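Asks: Spelled out, the chains give:
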Amino acid sequence: MSTNLPSIADEHFARARAGEPTAFAALVRTHQRSVFSLALRMLGSREAADDLAQDVFLQLHLNLATIESSAHMTFWLRKVVTHRAIDRLRQRPRVEVASLDDEPEIADVAVAADPLLQRHLRALVAELPSSARAVVVLRYQEDLDPLEIARTLEMPINTVKSHLKRSLASLRERLGVTSPDAFEELGYE
Amino acid sequence: MNDDLEHELRRALRPVDPGEDFTRAVMARLQSPNVVSLPRARPHSRVQRVLPWAPAALAASLLMTIMLTHQHRKEEQELAEGLRAREELLLALRVTSEKLDIAYQVVHTTNSTPM
Amino acid sequence: MTSRTALSIALLLLSPLLQAAAPEPKLLLPNFDSLADKASESVTITLDSSLLGMAGRFLDPNDPEDAAAKEVLSGLQGIYVKSYTFDDEFAYPKADVERVRKQLSSPGWSRLVEVRSRKEQANVDIYISVSGNKALGLAIIATQPREFTIVNIVGSVDLDKLHKLEGKFGVPNLEIEQDGAIKQDKGKPKENQK
Chain A
1 MSTNLPSIAD EHFARARAGE PTAFAALVRT HQRSVFSLAL RMLGSREAAD DLAQDVFLQL
61 HLNLATIESS AHMTFWLRKV VTHRAIDRLR QRPRVEVASL DDEPEIADVA VAADPLLQRH
121 LRALVAELPS SARAVVVLRY QEDLDPLEIA RTLEMPINTV KSHLKRSLAS LRERLGVTSP
181 DAFEELGYE
Chain B
1 MNDDLEHELR RALRPVDPGE DFTRAVMARL QSPNVVSLPR ARPHSRVQRV LPWAPAALAA
61 SLLMTIMLTH QHRKEEQELA EGLRAREELL LALRVTSEKL DIAYQVVHTT NSTPM
Chain C
1 MTSRTALSIA LLLLSPLLQA AAPEPKLLLP NFDSLADKAS ESVTITLDSS LLGMAGRFLD
61 PNDPEDAAAK EVLSGLQGIY VKSYTFDDEF AYPKADVERV RKQLSSPGWS RLVEVRSRKE
121 QANVDIYISV SGNKALGLAI IATQPREFTI VNIVGSVDLD KLHKLEGKFG VPNLEIEQDG
181 AIKQDKGKPK ENQK
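Chains as they are written, first to last, in this note's numbering: chain A, 1 to 189; chain B, 1 to 115; chain C, 1 to 194.
Hints are not guaranteed to be accurate.
In the EDC-like style, the derived pairs of lysine to aspartate or glutamate whose C-alpha atoms are separated by at most 20 Å in a straight line are [stated by the list, open to error]:
id: 1; chain 1: A; residue 1: LYS161; chain 2: C; residue 2: ASP87
id: 2; chain 1: C; residue 1: LYS119; chain 2: C; residue 2: ASP96
id: 3; chain 1: A; residue 1: LYS79; chain 2: B; residue 2: GLU76
id: 4; chain 1: C; residue 1: LYS70; chain 2: C; residue 2: ASP60
id: 5; chain 1: B; residue 1: LYS74; chain 2: A; residue 2: GLU154
id: 6; chain 1: A; residue 1: LYS161; chain 2: C; residue 2: ASP37
Cβ pair distances, simulated, as ranges [what the hints assert, rightly or not]:
id: 7; chain 1: C; residue 1: ARG116; chain 2: B; residue 2: GLU78; range: 38 to 48 Å
id: 8; chain 1: C; residue 1: ARG99; chain 2: A; residue 2: LEU116; range: 51 to 61 Å
id: 9; chain 1: C; residue 1: GLY75; chain 2: B; residue 2: HIS7; range: 41 to 51 Å
FYI, nobody ran anything at the bench for these hints, they're computed from the structure. On a predicted model such as this, the values are computed, not experimentally measured, just so you know. No residue lacks a Cβ here, since even glycine has one placed at the ideal position from N, Cα and C.
Full structure from sequences and hints, please.
Replies: Set out below in structure tokens:
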């Protein structure tokens, strides 16, 4: 979530709370990247992520009066999108890993130096159990620390730490990473 | 080694922008007549003139709301406790399987110390 | 005195001994609260039968991990885990770990597997509490230089279902035979531990 210009974010938030549609649109533009990406990494499909992310913003609009500040809204958005994504995952059969063709273009970032490895990693993350997946995505996409993740997911902090430890071990094992030069040895670079 | 993996994870999970179409779609849905909005409150005295039993009915519905809210909170609390218990159960089984796996790995390699 | 009376008296005298011989599958685990400050990571889980029942109601049958857990859950009365990780080596109280190990040398508990891994620098001991043909509980003590873990599972441990967890949680093959007997690796018979 954008924290580069807090004063502008606070201004948009205050005006959106007052009912200005343009201000709310600005809030959406500011946070859509994070909300959509959280949904995408959890659900594994662009269509499902789009649908969930839109629902979350509609829910935000309905609940603006209960949100106290721009910072609180950032926390609220992360919490709602991950909880609802976990609910959706539990309501359907185990999610299929997104096909490589389903990956959206990263238009505003320099082309990744190692696209194959990163696609592989994303596929492996998508195979983690839902709670572990949420912990990993919040840690490495949103850069939250374990305490913040625990608050977002309403999960004991020791459970968060265990999810991180075991997920990294599982990813390492599945990638076959056993040495510092492993990423080179795997032939990805 | 973990640092490399974590670095690659950060790159792999870099956020993706859904684009301007997404913003337009959200705003279009907000302006759609299908979006539910809460009804406005009506003046109390006018209701009372038309419906003399309204205060009693209001009191009864308030009581019902309080009871339902209490019930809802209790259910939410039970839900939270149940989900927490589930998380702990899965974590306990993961820890157990991790330690059993160490034993398995050793038993099936030449480093094991037979009993 | 009739033989029947003599038998009744004998049974009455012996019954405390018989009760003492019955294995106690729930271990007395030390309170490691003082370690929480020293540990970089700690996991303490206490799930008695009512909490296990509650957890079971929230398991999703469509999720493979949840479904596997539900299979194992049936017949269990408690799961107790204490696991601590430290930044320094051997920062945990060995005496407390040994006190737990001593409980597992009582009648009714048998050590199923003892492994010492130089590669993982890990010692893992797996014990099972059996009465007749029925498994009453499982205990695991795992120690590494910077971590120790004690797991105690109480209840009717369904060895077949535990076996079927392979692949779901990475549980190894304990070479459980069809009739429920447990065979150690390499076909060695299970030894009764004193």
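Asks: For every hint, state whether the structure bears it out.
Replies: Tested hints:
Annotation: proposed proximity of LYS161/A to ASP87/C holds, straight-line Cα distance about 15 Å (limit 20 Å). Between LYS119/C and ASP96/C the CA atoms are separated by roughly 25 Å; this puts the pair beyond 20 Å, and the hint is violated. The hinted pair formed by LYS79/A and GLU76/B meets the criterion: a straight-line CA distance of about 17 Å does not exceed 20 Å. For a cut-off of 20 Å, the pair hint linking LYS70/C to ASP60/C stands: about 9 Å separates their Cα positions.
In summary, the hint linking LYS74/B to GLU154/A is supported, as the alpha carbons are separated by about 17 Å, within the 20 Å threshold. The straight-line distance between the Cα atoms of LYS161/A and ASP37/C is roughly 16 Å, inside the 20 Å bound, and the hint therefore holds. Remark: the range hint 38 to 48 Å for ARG116/C to GLU78/B is upheld by a beta-carbon distance near 45 Å. Between ARG99/C and LEU116/A the Cβ separation comes to about 52 Å, which falls inside the hinted range of 51 to 61 Å.
Between GLY75/C and HIS7/B the beta carbon distance is about 45 Å. The supplied range of 41 to 51 Å therefore holds.
Checked against the numbered hints above, the structure breaks only hint 2 and satisfies the rest.
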